[in-house]
Amino acid sequence: MNDPHFIGWFPMPPALRRFLLPLALVAVALGLILAGGLAYSQRPPGPGRWDDSHEVSFDGIAVAEPYAMLRTPTETILLVEAGKFGAKDRLLPFDGNGVRATGTLLERDGVKMLELADGDAGLQAIEVKAESALEEVTTPVTLVGELVDSKCYLGAMKPGGGKTHKGCAILCLRGGIPPLFVAKVDGTVGYYLATDSHGRPLGEDHFEFVGERVTVTGQLVTGRGRPILKIDSVRRSR
Amino acid sequence: MSVTYRPVKWNRNKRIYDAILAAGIAGYLAVFLAVGSLIFGDEAIGFPILLMRALGTAAFVLLHVALAIGPLARLDRRFLPVLYNRRHLGVATFLLALGHAAIAFGYYHGFGLINPIVSLLTANSNYSSLAGFPFEILGLLALVILFLMAATSHDFWQKTLGPSVWKSLHMLAYPAYGLIVLHVALGALQSETQSIYAILLVAGFATVAGLHLAAGRRERNKDRRIPLDVAWIDVGNADDIPMDRAKVVSTPAGERVAIFRHAGGISAVTNVCAHQRGPLGEGKVVDGCISCPWHGWEYRPEDGCSPPPFQERIATYRVRLDGRRVFLNPEPLPPGTPVEPARLPGGNS
Ligand code: FES
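So the protein lines, in turn, are chains V and P. So in this note's numbering, the last spot in the first sequence is 238, and the numbers never skip. So in this note's numbering, the last spot in the second sequence is 1349, and the numbers never skip.
Please keep in mind that the hints were generated in silico from the structure rather than gathered at the bench. Treat the hints loosely; a few may be bogus.
Derived Cβ-Cβ restraints for the label pairs, each shown as a range [stated by the list, open to error]:
#	chain 1	residue 1	chain 2	residue 2	range
1	V	T72	P	S1125	37 to 45 Å
2	V	E55	P	Y1127	37 to 45 Å
3	V	G110	P	A1023	43 to 51 Å
4	P	Y1174	V	L32	21 to 29 Å
5	P	F1147	V	V137	53 to 61 Å
6	V	E135	P	L1130	20 to 28 Å
7	P	S1125	V	S197	19 to 27 Å
8	P	A1209	V	G110	44 to 52 Å
9	V	D196	P	A1209	43 to 51 Å
10	P	T1122	V	D89	20 to 28 Å
11	V	P93	P	A1023	56 to 64 Å
12	P	P1338	V	L23	50 to 58 Å
In silico negatives: residues of chain P with every beta carbon more than 12 Å from chain V [claimed, not checked]:
#	residue
13	L1062
14	Q1194
15	G1210
16	H1212
17	L1213
18	A1215
19	G1216
20	E1302
21	R1318
22	P1341
A virtual CB, placed ideally from N, CA and C, is assigned to each residue, including glycine.
With the rest of the complex left out, here is chain V:
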């Protein structure tokens, strides 16, 4: 029959089968190549890590403002709760005092965060030596980078930044996760705790810029643990 007509419930005419079957195989093969190409071209998710199977402890001074953190003699460790919640409420009773913080460690480029263990095990009052007086230095800056929620970006999600992650980042910030401003300066990536121009936690009016490339003007405060970026103004770059 050189006039093939296909009816679903009859066997397919051989001429049609000879035409369609190779085409179907080619289409499937193209699909597989496409899958490989699309997967291969994804942006790298960055060097964040979260070892959520081991608990570790750090001793230091509890700092509740602007965000929950622990200052040890050598570094600053951000503190968060499980899920998309900050740990400020849990930290407030210890504010300014010695504390042992226990939890699982998130880390990216040397920036550390603990997801606190449940209950009393997470924070225990201890004696620590008083901090030696540290000098703060404030410099006016204009930086181009991205506002991120620290927990996802440091390793809870991979990748934990960018436009596709924006909704999640806003939810995290609303829940009290500290925002970081990540900017590449002279080839190295800087991670700055972001606050409003008065040094208070960022509010809703800044959340709309999360996950996008923005230019920030403000004051960079260094010299006392994790540098803080007090944001005066933000605008979208590009």
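Given chain V's structure and the hints, the job is docking chain P with the ligand onto it.
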């Protein structure tokens, strides 16, 4: 056109079709996941995100295929069998998109302070900025459309909604496609760094649009325009119509009529199938019935009725012969009206 409805009436062709479809989807996901989890070594992309991307891209690729089949089949009849079971492709597209959305929703909007649905709808309200636009909403709208289409893809719904409502509903595939293009452009493309994604997005759009334009142009050329005052239309020589096949002409009112030559003579019916408006004129007379090229619904050429127990009816038209020239009366008769076939002198074949 069964009288009782079953979820799927299986046959060998559908099984082969679905087997190829399932193998294609499984292979796609497997390759995407394998490549995606290997490329960055121990700084790997998180599995939920990788899976979400695999599902989302798979759904988008399948949607391209589903949209390309229609014009392909109009350009070359040999693609018709692929159209036959397109609904399974559509349902698969919806399920993949649903998986994609479920992961994005649970992972990005769960575990937080706010109800995930509220979070999804209120996290971002930057409707005035392109770079910041809440692309999630676009995807959600497309998903709702895909759901409606998948849910009503069964013949039962087609019958219940009627062919024109059903067809309009399923034309929403195009807005859904547009929404997904924007969802990708304002979402993933804003954070991905490789230009291949933008290139493929444009290439996909160009392919779908190009095929539709080509098929549309071809159809327009085939429609011979006939002056309005002609009572009977000269269709041409009966010998130009292959046996058991049809010639399609347009009436002055803009309706397409399929004029079949079959063992009984020459008969004319509407070109529009009562099922999903398939082009009956591209079908064939098999065992005395016109068989629709899309899903095989059948109609008798002499009265436009489906053979019992089916009850479908389509409009018929009067034809007459002058020698071997065929003339068509462009007034459609009510669906199911018997019309005596015009008999060719010296036999019909
Ligand atoms: S359109 Fe489905 S059988 Fe005709």
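Numbered hints the structure breaks, given as an ascending list: 6, 12, 13, 14
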